[in-house]
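**Student:** One-letter residues, chain by chain:
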Amino acid sequence: DAMVIQNPRYQVTQFGKPVTLSCSQTLNHNVMYWYQQKSSQAPKLLFHYYDKDFNNEADTPDNFQSRRPNTSFCFLDIRSPGLGDAAMYLCATSRPGPYEQYFGPGTRLTVT
Amino acid sequence: DAKTTQPNSMESNEEEPVHLPCNHSTISGTDYIHWYRQLPSQGPEYVIHGLTSNVNNRMASLAIAEDRKSSTLILHRATLRDAAVYYCIPTMEYGNKLVFGAGTILRVKS
Numbered sequence: 002d003a004m005v006i007q008n009p010r011y012q013v014t015q016f017g018k019p020v021t022l023s024c025s026q027t028l029n030h031n032v033m034y035w036y037q038q039k040s041s042q043a044p045k046l047l048f049h050y051y052d053k054d055f056n057n058e059a060d061t062p063d064n065f066q067s068r069r070p071n072t073s074f075c076f077l078d079i080r081s082p083g084l085g086d087a088a089m090y091l092c093a094t095s096r097p098g099p100y101e102q103y104f105g106p107g108t109r110l111t112v113t
Numbered sequence: 064d065a066k067t068t069q070p071n072s073m074e075s076n077e078e079e080p081v082h083l084p085c086n087h088s089t090i091s092g093t094d095y096i097h098w099y100r101q102l103p104s105q106g107p108e109y110v111i112h113g114l115t116s117n118v119n120n121r122m123a124s125l126a127i128a129e130d131r132k133s134s135t136l137i138l139h140r141a142t143l144r145d146a147a148v149y150y151c152i153p154t155m156e157y158g159n160k161l162v163f164g165a166g167t168i169l170r171v172k173s
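Sequence order for the protein chains is A and B. Sequence positions in the first sequence follow the numbering used here and run 2 to 113. Sequence positions in the second sequence follow the numbering used here and run 64 to 173.
One chain only, chain A, in its complex shape:
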């Protein structure tokens, strides 16, 4: 089945140690998104790519970066994780326009 895959499902990193989360898709969608979901909160969009065009949300901290080397893959880099960055990170994809987004299962990040 076509899907959105996130690896790893669980990631533990140390305070200040860079970490990379990955997302891949077999849907061939143009648009890929990264959301952050903290405990008991709703998902919050960090940024998205439309093909290779990067769109950052105004309130996304500089500590969060992203790369999209090709259509299928997208990475979330956290340069210096703080304790407040512990969260579920969700990747999603969609076609351009008001169409449904397909979410991956998420990566739960713990910062020690």
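Hints listed in this document are in silico derivations from the structure and should not be mistaken for laboratory results. Virtual Cβ for every residue (Gly too), placed ideally from N, Cα, C. Don't take each hint at face value.
Unchecked claim - DSS-like cross-link-like pairs, simulated, lysine-lysine; straight-line CA separation at most 27 angstroms:
#1 A/Lys45 with B/Lys132
#2 B/Lys132 with B/Lys160
#3 A/Lys39 with A/Lys18
#4 B/Lys132 with B/Lys66
#5 B/Lys66 with A/Lys45
#6 A/Lys53 with B/Lys160
#7 B/Lys66 with B/Lys160
#8 B/Lys66 with A/Lys53
#9 B/Lys160 with A/Lys45
#10 B/Lys160 with A/Lys39
#11 A/Lys18 with A/Lys45
Stated by the list, open to error - Sample of chain A residues with no beta-carbon within 12 angstroms of chain B, all distances over it, derived:
#12 Arg69
#13 Gly83
#14 Pro99
#15 Glu101
Knowing the structure of chain A, use the given hints to seat chain B on it.
**Tutor:** Same frame as chain A, but now just chain B:
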């Protein structure tokens, strides 16, 4: 972004219909209304979306008020698997962004 108001929580009995309301009085004329749900420990899942007319799919029905200031997601026969947080999200015609509100926690009793 259009603001939404949803009940914090609702409860339903298994096998009964559920009507989940959403107010979106600031919606613009070209905003679509999307509904997503999130089961425990999973990523959000698309449920349904519409613009003006009522919509049906295999999961649910969406009833949109004539003035588009509110909508109702209808689950025709709730099952235990439908217990989730349901989010009503207006989205722009040419946009892709989802701005999640607090949503409604749906509990289903057996």
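**Student:** All hints are to be evaluated individually against the structure, with a verdict given for each.
**Tutor:** A quick look at each hint next to the structure:
1. A/Lys45 with B/Lys132: holds, 24 angstroms
2. B/Lys132 with B/Lys160: holds, 20 angstroms
3. A/Lys39 with A/Lys18: The hint holds at about 20 angstroms.
4. B/Lys132 with B/Lys66: Holds, because 11 angstroms separates the two Cα atoms, which is no more than 27 angstroms.
5. B/Lys66 with A/Lys45: holds, 15 angstroms
6. A/Lys53 with B/Lys160: Judged against 27 angstroms, a Cα distance of about 17 angstroms means the pair holds.
7. B/Lys66 with B/Lys160: Given pair B/Lys66, B/Lys160 holds - Cα atoms ~14 angstroms apart, limit 27 angstroms.
8. B/Lys66 with A/Lys53: violated, 30 angstroms
9. B/Lys160 with A/Lys45: Holds, because 10 angstroms separates the two Cα atoms, which is no more than 27 angstroms.
10. B/Lys160 with A/Lys39: holds, 19 angstroms
11. A/Lys18 with A/Lys45: holds, 23 angstroms
12. Arg69: holds, 15 angstroms
13. Gly83: Fine: 23 angstroms to the nearest Cβ keeps A/Gly83 off the interface.
14. Pro99: violated, 4 angstroms
15. Glu101: Given that some Cβ of chain B is not farther than 12 angstroms from that of A/Glu101, nearest at about 4 angstroms, it is violated.
Violated hints for the displayed structure, listed by number in ascending order: 8, 14, 15.
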